[in-house]
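Chain by chain, the residues:
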Amino acid sequence: MASQGLTYDGCNFFRQRLVLSTLSGKRVKIRNIRSKDDNPGLRDFEASFIRLLDKITNGTRIEINQTGTVLFYQPGLLYGGVVEHECNTQRSVGYYLEALLMLAPFMKNPLKAVLKGVTNDPTDPSVDQLKYTSIPVMKRFGIDGEGVLTPAKCMEVRSFCLCLRTCIFLYSVRVSPQMANRIVDSARSILNKFIPDIYIYTDHMKGDKSGKSPGFGLTLVAETLNGTFLSAEQVSTPQGQGDPVLPEDLGRNCAKLLLEEIYRGGCIDSANQSLALVYMTLGQQDVSKVLLGHLSPYTIEFLRHMRDFFQMMFKIETQKPAEDERKGGDKVLMTCVGAGYTNISKSIK
Amino acid sequence: MEGKEPKKEQKRHQQKHSGPKAERKKSRKQLGTPAGDDERKRNPKAFAVQSAVRMAKTFHRAQDLKAKKHHIPLVDRTPLEPPPIVVVVVGPPKVGKSTLIRCLIKNFTRQKLADICGPVTIVSGKKRRLTFIECSNDINTMIDLAKVADLVLMLIDASFGFEMETFEFLNICQVHGFPRIMGVLTHLDSFRNNKALRKTKKRLKHRFWTEVYQGAKLFYLSGMVYGEYQTQEVKNLGRFISVMKFRPLVWQQSHPYVVADRMEDLTDPEMVRVDPKCDRTVSLYGYLRGTYLKNKGQVHIPGVGDFAVADISFLPDPCALPEAQKKRALNEKERLLYAPMAGVGGVVYDKDAVYIDLPGGHVNQEQEEVRPTTELVQSLISTHTTLDAKMAASKVSLFTGAAALTPGEVEEEENELTSGPQESRVWDPETQRERRKAVFTEEEDDDDSEGRSEEEGDEEGESEEEGEEDEEGNKREEEEETVLKNKAKDKTEPKEKQGIKTIPPAKRQKMEERKLGKEPVVEVPAFADSEDELEMSEEEEGGKGEQESEGEESDSEGEEDEEDSAVEKGDLKPIDSGHCSEEEDASDSIEDDCETNVSGKEGKKSNATSKMEEEDEEMEGGELCYESAGSLRWKEGLQQKASEAFLRQQRSAPNLRKLVYGTVAEDDGDGGEDEEELGGLFRVSRPEKGKKHRADGVDCSRFDPDAARNWDLEEMLDSIRDCFVTGKWEDDQDAATLLKEDEELYGEFEDLETGEVHKGKAAKQKDQAKEESDDDEEEEEEKLMNVDDETQKNKRLEKKRRLKERFDTEYDDGDATYFDDLKEEMQKQAELNRAEFEDVDDETRVQYEGFRPGMYVRVEIPSLPCEFVTNFDPHYPIILGALGASEGNVGYLQMRLKKHRWHSRILKTRDPLILSLGWRRFQTIPLYHIEDHNGRHRLLKYTPQHMHCGATIWGPITPQGTGFLAVQSVAGTKTSFRIAATGVVLDLDKSVTIVKKLKLIGYPYKIYKNTSFIKGMFNTVLEVAKFEGGSIRTVSGVRGQIKKALSTPAGAYRATFEDRLLMSDIVFLRSWYPVSVPQLYNPVTSLLMPAGQKDSWSGMRTVGQLKHDLGVRNKPNTDSLYKPVVRAQRHFNKLHIPRELQKALPFKSKPKQDQPKGKMPKDLQRPAVIREPHERKVAALLNALSAVHNYKSKKAHTAQHAKHKDFLRQRSKAEEDKLKRQKEAKKKLYRMMGQKEKKSQRSSLKGAPLDD
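So the sequence lines, in the order shown, correspond to chains D and Z.
Per UniProt numbering, the first sequence runs over residues 1 to 349.
Per UniProt numbering, the second sequence runs over residues 1 to 1252.
Just chain Z, with the same shape it has in the complex (with noise of 0.2 Å):
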C-alpha cells in the first residue's frame, strides 16, 4: 500500500521565533547553563540520596543479592589427581547408548570398542579422564550408577518421546544426590518435515528442563552416519564433557567408594574342586573415588551385600594422565584406554601375579610399551614351580597349633616322624599365591634374607648402611622367625627372591610393594622383623639396667614394684626404643664413639650366641627375665650402659611411632614366641607374668612422673627456666628483642612508655627486659658506628615496611567480613591438608590418611558367596562403596516418607518395599504413622495421598539426612511408575514409639446417679488397676473416670460419669497400644542373581500378592456381610382410655366409633358394574361356549401334534430310504467308474509293449 502511494512531504519543524518558549530559550543562550535547572547534573552528590527509606531498600536488596550468592565455604578436599569422571549413559533400550560411547571413545582415543562390557576408562585430556558406563534397563542397575554418577549423559529417543525409564532415573538422581545430567536427543533423523522436527525439539526440551532445571544442556544428535553418529557433534559432544564442572554431592564426598573395573577370582582352585559352593576370595580393581578409604574397613556391594575388606593396596594407574608438558593436545600414546572387562588393557600387574588378556580382534600397543615381552615371559616362568620344589616347601603339622615342618627340617631331626610327610597330608595347594611357598633350604634361605635386607635398605632411608656383622646377625634371626613364626610371609618370600634374580629394578619395586602389603600385623614398613628383634635385645638390656639402678634404692618397695612394672615399662620404653633409634642413626652419622661402640657390641655379640640362645632371648625378653642361659657376658656394665641410655635419652628423641605403633606387632609376637617349640616339636609354655599384668592393670589415666628427674636438683629446675614468662623467650619473641623493636619505631615513646610499664604486676620482669635491652641497645650503638650507609637506607626501608604492614592489619581487617575470614581459613586449611602429607611416601602416607581419591586400588574380599563369581557378569556394575563409622549396624530408621505422585497405588503398612538408602538396596517392611499435635506418633494403615508421612523400618543405620527411595518390586516392569515412595532419613532411635489405637469396649450393669458399675471391659482386677483414673467416654459422649475394680465379676470396675449413664449406653477407653516394628531387612542380592536373570529378583511377597499368587480369599468377617434385614411387626396394643375418663373428656376428644371418612384416591375409584339379568345371561353363554370352544380346539391341537408326529417320522424313513438308495447308486456307479479306469490302464499298459 505504502509503495504503491506517493510519499507525502512531512511538515517540516518550524522554530519559533516570538513568544515565551522563544524567549527562554534566548535568554539560556545568553547566559549559559543557567544556576537554577542543572544542578543535578553539576553536583550530582548532592542529589544521590532522595528518599532514606529508598535507599535503605536499594541497599537491603543490594546486600541480600550479595549474601545469596554465598555457600558455605567448604575445606576443598579435591585430591591434586582426581579420579576418572564417571560418566554414566542411560537410557531406555535400542536408543543408541552402546553407540554413542563407541563414538565417544573413538572420539578421543582413535581405537575402536567392539563390545562395551563394564566401564572404560580414557584419557580425555591432559588433567581429565573419563570412566563410561552403560546403564542397562534395570532398575537395580540404575539405583546402582546413579549413586557414582559424575555426569550422567541421558538418551532420549526423540522419534518416540520421553519414556518412563528417563524419568524413574530422574527420580532416582533427585534421591541421591543431583549429578550432572546432560540430555541426548537420538533418532532425530526419522523426522521428515522440518517443522515437526523443530516442535519435537522444543517440548522435549521444556519438557527436560521441568524436570531437570531451567536450561539444562539438551544436546542433539542429528543422524547417523554408516551405523555412527556424526563425527562432528560427536566432538562437540566430547568437548562439553571435557569442560563440564561438577559440584560436590554430599554422600559421594563423605564416602569412599570403588566402580570396580576388574574382578579376579583368587579362591584356591583345589577349595573349589572339592566344594564348588565354597565362599570366594576375590579381589576387585577400580579407582577410589570420594574420600580417603582406611584400610580393613567395611564395604558394601550393592547387589551382593556388607563385606570386611581383608586387604587393599594400591597400584600403578593404568590410565595415568601424561606427564605436565606445555603442550595443547595430547599425542597418540597419551590417549590412553582401559578397560579390562571389555578386553581391552590387556597386561595388567596385580599385587603378586602378573594377568594376561588375550582377546581375539584386540593387540594393544600402549601395555606392551610399557613392558617387554622377554619380562613378562620371564615372570610367567618363574611363577611355575616343579613338584620337587612344591614338595619341599610343603608342610607337616603334627599337633593343632604346632608350626609346621618343613622336609629339610625333618631330615634335620633324623627322621623322628616315621614316614615323613605324607602326599597327602598337607598338600600345597596350587594357586598361583601358594604356589611361591619357600624352598627351605640352607643357601636360598641366605640368598633369600639377603634379598630380603636389601629391599629393607632401600625401604628405608635412616638404616641404610647398618655394620656389615650386625646385618649378618639380624639376617640370622630374620630368618629363625620367618622360618618359625610368619608363615604368611613366607609363602611371599621365594617368589620374591625370584622375581629380583629375574626382573629389571622397576619389577622390584612393585614386588617390594607387595611385600609390604602383604604383612597385615606389622603394618609399618620401616619396621621389619630385623629391627623389631634389635629392639628388643636393647629393650632386655635398658630394662635390666633400669631394674638393677632402681633395685638398688627401691628394694623395699619390694611386691608393689612388680605390680606396676607395667606402668614402668611404658615409662622404660621411650628410653629403650630412644637407644635404638639412635642406634640406627650412628650408623648414619658416627658422632658418639661410645653409642657405635655399644651397637658394635651388639652385633658381635649376637653373632657369638648360638640360635637357641637368641631364642632363649627372643622368649624372655618380654619379662625382663634374669636367667638368661650362657649369654650373661653381655650384662657387663650393664649399670654404665643404662646411664650412657638415660643421657641419651635426654638428649635424644625416642622414635615414637615405633613405640606406639610398632610394638603393638611385637606384643602380638610375644604370644607367638611364647609358642614357640622346642626342637621343633615341643611348646614351652610359660607363665607369661609381665602380660598378664599389664591385661589387668589399674585403668589410670595418670602419668606418673619420671623417677630419673629429681626436681631437688637446682639443674633440673633449671632445664624448664624458658618455659616461664620470666624466663629467656624464643629469639623473635625474647622480650628484649621485642622491647627493642618497639624502641626503634617508637623510640621517641619510650620515657612515657616506661613510666606507664612500671606500675603493672610483673615489674620486676619488665626490669629485667629493660636492663636486658639497656645493654643491647649499647651494644648496638656501637656496631652502628661501624654500619654504613646502605644497611642503615635498607634498615629504614624495612622499617617502613614494617610500619606498613602493621597499618595494614589494623585497617584492612574492618572491611574483611566474617565470611572472608571464614573463606580463608578454609584455605588455609586446605593448603595445610595438602602440604602435611606431600613429601611422605605412599605407603606410609595410605597408613596416616588412608587411600587417597584417585588412586587405583585392588581390594581383597574374601567370603564372597560363590554365585557372585559363577554368576558374574560385567555388564552389571560392581559397586565397592565404604561405611562409615557405625553404618555396618542395624537399626531402627525413623523417615520421612512420601508417596511418590506418579505410582499410581498408595502403599499399606507392613507391606514389604524395597528401598534403596545409602549404597544399599534392600527389602524392609515400613510401618508408616503420623505425628498427632501432642506428638504421638499414631500408625497410618496406608500412607496418605499428597502429604508426607512417617515411615519407621528395621534397616542399616545411614546418617541422618541421608534421602531414600522406595520401589515394590525390582523384578520386571509391571507397574507403569516404578518408584513408589522417596523421602529421608530423619533419626536412628533404637526406642521406637508407634502406636495404635486400641479402644475397649464395656456395659453398665448398674446405675446408680453418676455412678455406674461396668462390666466386659476387662478381665481381671490387675487390668482394671493399671487403668485406675483413665477418662472414660460413653458413645453418647457422656464423659467419666475409672475409679476402682470391683470384686466380684472380674474385671468389673466402679466409675463416675458426669451425667447418668442409661443400661443401653456403651461405654468405651480410649487407648493406644505400641505397634512393634518387624525385623526384616533383606539386602537385594540381584547380582547373585543367574546371568540373564539378574533384574527378577523378589524377594518377600505381600500378603495381596500371595494370596493371588496361592488364589486364597479373604474369609469376610460374617458381621460385616449383608443379609436382608428382617424386621419384625411391631404389634401396638389398643389404646384403652378408662370409661371414666372417657366421660370425663370433651366431645372433641372422645374416642369415636366410626372412622374418619378418608378420600379415595382416584385410582381405586373404579365405576361398579352391574348387569342386568339379561346380559348375565348372555354372559353365562359366552362364556360356556367360549369353555367348549377351548376344549375343542385343544382336542384338535393334540390331535394335529400327533399326526404331524407321525409325518415326521415317515418323512425320516422315507429320507433314510433316499440315502441308502443314493448310496448304492453311488457306489455301483464308482465301482464302474473304476473298472473303467482300470480297464484303460490295463488297456494302455498292455498296447506300450505291444508297440515295442
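Just chain D, same shape as in the assembly (with noise of 0.2 Å):
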C-alpha cells in the first residue's frame, strides 16, 4: 500500500534526499555511505541531521544499520513547535538551517529552532548570509516571519537586477580590532570600482561574548534595485587548520567572489537557488518563472532529485547576453508548473 521508495547511493546531497522525502513523503533508503572509505558510515553532523529532523516531524521511521553504512528514512508529518538542538560542531549552523529553510514554511505548528553550534566556517553558508539573503527570498514567496504559510503565490522573477548598494557584514572575534578595518579596506578596494554605496556593519566580540575559537570573515551583500540579494562570503580559517588568512588576501578574495556572484547574475544567489526551486515546487499548480544565474551543481543535482521525489522537471532556458552589454554571463530562466502542493499537516478545527 505505502508509496514505494526511492534508493540512493552514497552520502553525497543527504541534506537533499532528506528534506525532498519529507516534503514528498516518499520513503528513501541511502546505501553505500562512505562504504569504501577508512571511516565507513555516516559522520557525526549528519547523524545530528537526522536528529534534528526527527525532532520536527512526527511518526518519522529512521532505520540506520550497525556500520551506518545504510540508512532508511521513512518521513513522518512535519509537526514544527519549538525545538532546541545542539549542532554538531563538524558543520556550522548554516548546514542545518539551509534544510530548515525549506522545511519550515510546511510545518504543522510555527517552528521556533533553536540552534547551538559553530556560526561560520568555510563550507556552509554563515547565519549572516542566510539572514540577508534567504529570507528576502522567502519574503518574495509570501512566507513572512511568524506564522505557517504555505506558498501562496508563485513568483515571477524576470527583469534583470541592477545592485544598487553593497553591505558588508563583519564580524571578528578574538582578534585584533584592527583586522576589521584591514578587511574593509581591501575589500572597498575593489568594489568602489563599482558601487560608492557600501554600508558597513562590524561585529566585534570581546570577552564573554565571543566564543570559543578566534577568527574573523565577511559577508557582502549586493541588494538590487528590485529588492533581491546577492552575496558572498568569506571566513578565515580555523586556528591550527591550514595557512592563516591574511585579512587583506579574505577582503580582496570576497570582494571578487561578490563580482564573481554579480556576473553570475540572477534574482537569487547562487546559495540560495535551491531553496526558491523548492518553493516554486509546491507553490500552485501555475506557471512560475524565475531568473537565475548559472547553475550550481548543488542546483543542479537538486533538481534531479525533484524530478525523482515531485516528478517535477523545469524548463531551463537560457538567456544570453547581448553583444553590447556588460552584464556578466549567462542567465537562466527557470520554469516550472507547480506541484499544487498542499500542507498535509496543518490541522483544521
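No wet-lab data here; the hints were simulated from the structure.
One or more hints might be untrue.
Subject to a maximum C-alpha distance of 25 Å in a straight line, what follows is the list of computed SDA-like cross-link-like pairs (lysine to any residue) [as the list claims (entries may be wrong)]:
id, chain 1, residue 1, chain 2, residue 2
1, Z, K296, D, T318
2, Z, K69, Z, V243
3, D, K289, Z, M182
4, Z, K828, Z, E838
5, D, K349, Z, T962
6, D, K320, Z, R709
7, D, K193, Z, D706
8, D, K29, Z, A308
9, Z, K1006, Z, Y942
10, Z, K1015, Z, G1051
11, Z, K1015, Z, T1056
Two chains, two separate frames, one set of hints: put the complex together.
What follows is the structure in C-alpha cells.
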C-alpha cells in the first residue's frame, strides 16, 4: 500500500534527499554511505541532522544499519513547535539551517528552532548570509516571519537586477579590532570601482560574548533595485588548520567572490537557488518563473532529485546577454508548473 | 347578481367652486408652481439625505450585497480542450436508465446502441463532448461515480415516488463535492388522472428541492413511444445538458483522474499459461480529467487498490471535437461515438498495437474512414514474425547479469558455446510486444539504425542535418549500444522498422511517439543515444583540456584536487555540453570555421577508431582517464581546443536541459558501460573512481567560483560594469533616456529638478547621466532641424498619449479595489499558464507540466491482481484516481463525524466501518471520542445521537478538509438507509491522544484523623510512586491526595484527606488511560469479486455479527445477574433499662408492662360464634352423617367406574366383531362382483369370435 521508496548511493546531497523525502512523503534508502572509506558510515554531523529532523517531525522512522552505511528514512509529519538542538561542530549551523528553511513553511505548528553550534565555517553559509539573502527570498514567496504559510503565490522574477548598494557584514572574534579595518579597506578597494554605496556593519566580539575559537570573516551582500540580494562570504580558516589567512587577502577574495556572484547574476544568489526552486515546485499549479545565474552543481543535483521525488521538471532556458551589454554571464530562466502541494500537516478546526 | 340588477348610476364628481379648497386651487393656477411646495421635485439632490443613519444603513447594505456576490478569485485552469463531461445516470432498477442513455445517444449521434456497457463518449456539440455512464444499484458503484460525475441525471419513478437509492446517492454526492444534479421523472404515463399527476409532480419537485437546492431542475419525461422516450422531450433534455455550466469541485480540481473506457491485458500469455494466477500487466485508457497528471505517479483504482503507474502515454483523441468551423450544427461525420466496452469504436490504435473489435451488428463508419483497411491489414501482417525470425531474435545469457547473446553473435564467436541457444532456455515469449524483438543481422541493423536516425532527425529541429560521416559514426555507436545495452529498446526496433517500411507517414509519426514513450530512463526525447555519445567524447576532451591546463598551474594541489574533482566536473560540464550543443547548431548555421572543423574531426575520428576502442572510450568517459589505447591522435592540440572551448563558453549558452536531466541518464548508463562485456562474455570490473567521489562527496551548497575568471583583470571587471546602477542600463531604462523623456515632458522644470537632484547621494551618477543627456540633447536638436512637420505631429500625439496614460494610471488606480487587483492578477497568471507552453510540442510539454486534462491517455499498470482481469465486468466503472504527494501513505486520521440522521442505529466504537474517503473505499476500525472542555479527547463507546463527535482511524493519508461517508456494509440492502455517518478529515497527527476513564479503587485500613493508610489500589511501591501527589476522592466526596508509598502491604500508601475517613469509605483515583487505535486498513476490493457478485463484498465482521453468525451468546457477568434478595432477619435486643434508672424515671417514661391497646382492624373484627349444646349436637350429627354419605358415594362411584370400564371393554369387543363381520361380508360381496364381472367379460370375449 505505502508508496514506493527511492534508493540512492553515497552520502552526497544527503540533506537534499532527506528534505525532499520529508516534503514528498516518499521513503528513501541511502546505501553505501562512505562504504569504501577508512571510516565508513554516517558522520556525526549527519547523525545530528537526522536527529534534528526527528525532532521537528512526528512519526518518522529511521533505520541505520550497524556500520552506518545504510540509512532508511520514512518521513513522518512535519510538526514544528519549539525545538532546541545541539548541532554537531563538524559543520556550522548553516548546514542545518539551510534544510530547516526549506521545511519551515510546511509545518503544523510554527517552528521555533534554537540551534547551538558553530556559526561560521568555510564550507557552509553563515547565519548572516542566510539571514540577509534567504529570508528575502522567502518573503518573495509570501512566507513572512511568524506563522505558517504555504507559498501562496508563485514568483515571477524575470527582470534583470541592478545592484543598488552593497553591505558588508563583518565579524571578528578574539582578534585585534584592527583586523576589521584591514578587511574593509581591502574589500572596498575592489568594490569601490563599481559602486560607492557601501554600508559596513561590524560585529566585534570580545570577552565572554566571543566564542571559543578566534577568527574573522565577512559577508558581502549586494542589494538590487528590485529588492533581491546577492551575497558572498569568506571566513578565516580555523586556528591550527591550514594556512593562516591575511585579512587583506580575505577581504579581496571575498570581494572577488561577490563580483563573481554578480557576474553570474540572476535574481537569486547561488546559495539560495535550491530554496527558491523548492518553493516554486511546491506552489500552486501555475506557471512560475525565476531568473537564475549559473546553476551550481548543488542546484543541478537538486533539480534531479526534484524530478525523482516530485516528477517535476523545469523548463530551462538560457538567456544570452546581448553583444554590447556588460552584464556578466548567461542567465538561466527556470520555468515550472507548481505541483499544487498542500500542507497536509496543518490541522483544521 | 350584478348582472341581473340594472346598474345604478354612480354619483359624479362635483367640482368645488367655492371654499378654501377651490381657492387654493385657483391661486395655484395663477402662480404656476408654488415655491414652497414642490422643492423636492425641483431640487431632489438637496433632499437626498434625510437621515444620515439611514443613509449609512442603505450604503452598508448595498456594500454587503456587493461583497456577498464576490467569490475568492481563482486562477482559471480549465484546459482549452476540456475532457468530455461525465454524465452519470442514476436511479433505482427498472426506472429507465438505459433507455434514457440510449435515447440521448440517438438524439446526439443518430446511432442506436443496443447494450450500454461501460462509458459511452459522444460529441454533442462543437465544443462539448459527453461521456454517459450508467450507475447500477450497487452502493460501491454509486460512491465511485459520485466522485467523478460532472452531471448527474437522477431518474425517479414518478409512479412509485422516491426510493432510498435516490436519497443515498444524493447524500454521497453531498459528501464528495456536489456535482450538478438534474432530476428526471419517468413513468409519468401511468397516471390516468391528470390532477393526481399534477399533485405528484409538485410533491416530488418540492421534496427534490429540499434535498438539492431550491429551484433545482427537474425534468419530466411524459411517456414512452415504441419503447423510447418522446423525441422532443429527449431533445430538450439534450439541449439542457449541452448548455449546462459546471462549478469546480475541490477534490476533482486537485486530483487528476481517468475514467477508464477501455482495458487491455498486456500480460505475457505464456506467463498466464504457466501460472493462471500471476499478476497482470494491464493498460487502461481514458480521458484525463482534473488536473495535470505526472508520469510514474501512484494511482488508486477504487475497488482494487493502490498501484504504481509504469508508464503513461497520450494517444490521438478517439472522439475528437470537430475542427473549428463557422457552422452552426455538426455534420454527420462529426457526430462521433466512442464506446469500446460496448463494442463501438472498433479499431483502436494503441502505442504499439492495433486492436480490432468486431462486434456482431456494428459496422463503424468513422473509424474505417480514418484508416484505410489495406493499411490495417498491412500493419497486422507486420506484427507476425515467423519462427525463424523468433529463433534469430531469441537470446541466451550464460551468466546472470551478463547481456544476452543473439544467435548471430554466437556464430561470430565461433561457437564457443557447446550447442548454441537451446530452445528450452530462453524462448522469446509470444506476446505482441515480445514478438517485436530484433533480428540482429548486420544489414537489418543498418537499416534499423537508419530508420532510427531518420526519426531522430524528425524529432529535433536543431540537429537535423549533421555531417554525413558524423551521422554514420553515430549510427555505428548506436548499434553497439542498442545491441549490448539497451535490451528493452531493442525489442521495439525491428517492429518500428517494419512499420516504417510499410506504413505511410501518419502511421510513422505514431510509431515515433511510441518509441519515445518507451524510454523510461532517458525520458528526454531530444537527446537520443547518439548525442550522448557525442557529448561524452566531447566531455573527455574538454575535461582533459581543462585538466591539462590546470595541471600546469596547480600541480601542487595534488590529491585535494582529485578529491574535489566531483565539484570541478560539475563546473566543467556546462562548458562541455555547451560545446556540444554548439556543435549541433553549427551544422545548421555555419558561422565559425573552427567549430565546424572540430566537429568534422570528431566525425572522422569516430569513424577511424575501431569499435573496441570506442567501447573503451565509453567506459572511461566519466573518469577522465588518460590511457585510452591507440586513440592518442586526437589528443593533439588539446590545449588549443580547450581554449577554444573556453572562448565558446564565454559566448554560447550551455544546453542546460541536457546537462541537468540528460546526464542523469548518462550517469545511469555509466554503470551499464562499466558492466559491458569483453568479447561478449566477461565483464571488466574497474574501480569507479569518479562516481564514488561524487557519491560520497561533501554535502555543501556552496558554488565555488570558476577558476577561469580572474577578477584582477580589467576586462573581467568591465564585463559586469552594467550590473550596477552606475553602469549603462537597458535601452528603455537607461538613465539618459529616462532623463530625456522627462525633459520632453517637463522641459520647463529642468532647472529646478537638477537643482534638487544635486543634493542626493548619487550625485556622481546623476551628473554622469546629465552630461550624457546634454550631449544627447545637442544631437537631437540637430536632428530635429531635419525632421518634417509630420513627425513632429506624431511626436506630439505620442506625448499626449503618454501624458494621458500617466494620468490614467494615477487616477484610475484609486477606483480599483483589492478584489479587482486580485482578479486581474489571477487573470494574468491564467494567461501566463496558457501561453507558457503553448508552442512546445506535446511530447516535451508533457514532461514539464504533466499530462493535460483532456488528453486521451493510456496508463500502463503492472502487477494488478489477476482477478481484475478474469472477473472484469464492463458495467462497473474503473476509475484511476491519482494520489498526491503523500497520499499513498497510511497513518492516523482525526476526523469529525456525525451519525446520519436517517441511519437507524448508533455506531459503536471498534466496530469495523467502511469509509469512502478521497478516492478510496476501505474498511477500518474507528474510535469515537469527544473533546472535553480541557482539550482532552475522551473515548466514547457509541456515537452520540444527533451530535458531531471525533473519530480516529488508521487509514490513508488524505488532505484535511476532505469529506467522507461511512457505511456499515456494502453488501446487499439490508438496512433501510445505508449511509451510516458523514464527516470531514480534520488532522493527520501521527500521535493519537484518545483516553479512556480509569477508576482505581482502594480501601482504608488505618485511619488517623485526616490521614489514612489505603491499600488495594496498587500492587507495588513503584506504581504508587508514579501517582504520588495524585488527587483521590472517596465515594462520599471527601477529597484527598496520595502522599507516599508504604513498605509493608505492597501497593499501600499514605494519603491525606480534607476530613476524617470512615473505615467503610471507598477511595478511588480517577485517571485516564491512553487508547491505541487499531491498525486496520482493508481496502474494499469489490471489483475483484467474480462477476455477478461484485456487490457482495464483505470485510471484517463486527463482534455482534460474529456472535450472531456463530450463535455465541455473551456470558453475563455473574455480579450483574439478578438474584433474589435474601435479607437476614434483623434481631434487636430488648431495651434494657437498669432498675435504678427505671426508678428515677417519671411515670410517663417508665416502661409499661401492658402493651397499649390498639384498635383491631375491621376486617379482623369477627363476631365469635358460640354454639348452644343442642346446636353442638346437631352439628356433630350432621358431620357424622355427611362423613357417612361421603364414604358411600365414594364407594358407589368406584363401583360405577369399574362397571363402566367393563362396559367399555365389552362394547369395543362387540365393535371389533362387527367390523370383522362387515369386512368378511364385503369381501364376499366384492368377490362375487368380481366373478360376475369376469364372467360377463368372458362372455363378451367369447361372444365376439362367435360373431366373426
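Practice task
Starting from K296/Z, check that the Cα of T318/D is at most 25 Å away, please.
Solution key: The given pair, whose Cα atoms are some 28 Å apart, is violated under the 25 Å limit.
Handout entry: 25 Å limit on alpha-carbon distance, applied to hinted pair K1015/Z and T1056/Z
Key = Holds, at about 14 Å.
Exercise for the section: Take a quick look at whether K69/Z and V243/Z sit within 25 Å of each other, Cα to Cα. Expected result: holds, 23 Å
Problem - Given pair status - R709/Z, K320/D, alpha carbons within 25 Å - result: Holds: K320/D and R709/Z sit about 18 Å apart, inside 25 Å.
Exercise for the section: Sort out whether M182/Z lies within 25 Å of K289/D, counting only the CA atoms. Expected result: Not OK: K289/D and M182/Z at ~43 Å, beyond 25 Å, violated.
Exercise for the section: Verify the proposed pairing of K1015/Z with G1051/Z, using a straight-line Cα cut of 25 Å. Expected result: holds, 6 Å
Practice task
Could you grab the alpha-carbon distance between K349/D and T962/Z and see if it respects the 25 Å cut-off?
Solution key: holds, 13 Å
Exercise for the section: Quickly compare the C-alpha distance for K193/D and D706/Z to 25 Å and report which way the hint goes. Expected result: Cα-Cα ~21 Å, so holds.
Practice task
Could you grab the alpha-carbon distance between K1006/Z and Y942/Z and see if it respects the 25 Å cut-off?
Solution key: Judged against 25 Å, a Cα distance of about 41 Å means the pair is violated.
Problem - Satisfaction of hint between E838/Z and K828/Z, Cα-Cα up to 25 Å - result: It holds: about 15 Å lies between the C-alpha atoms, which stays within 25 Å.
Exercise for the section: Starting from K29/D, check that the Cα of A308/Z is at most 25 Å away, please. Expected result: Holds. K29/D to A308/Z sits at ~18 Å (cutoff 25 Å).
Consistency note: the structure conflicts with the earlier hints numbered 1, 3 and 9.
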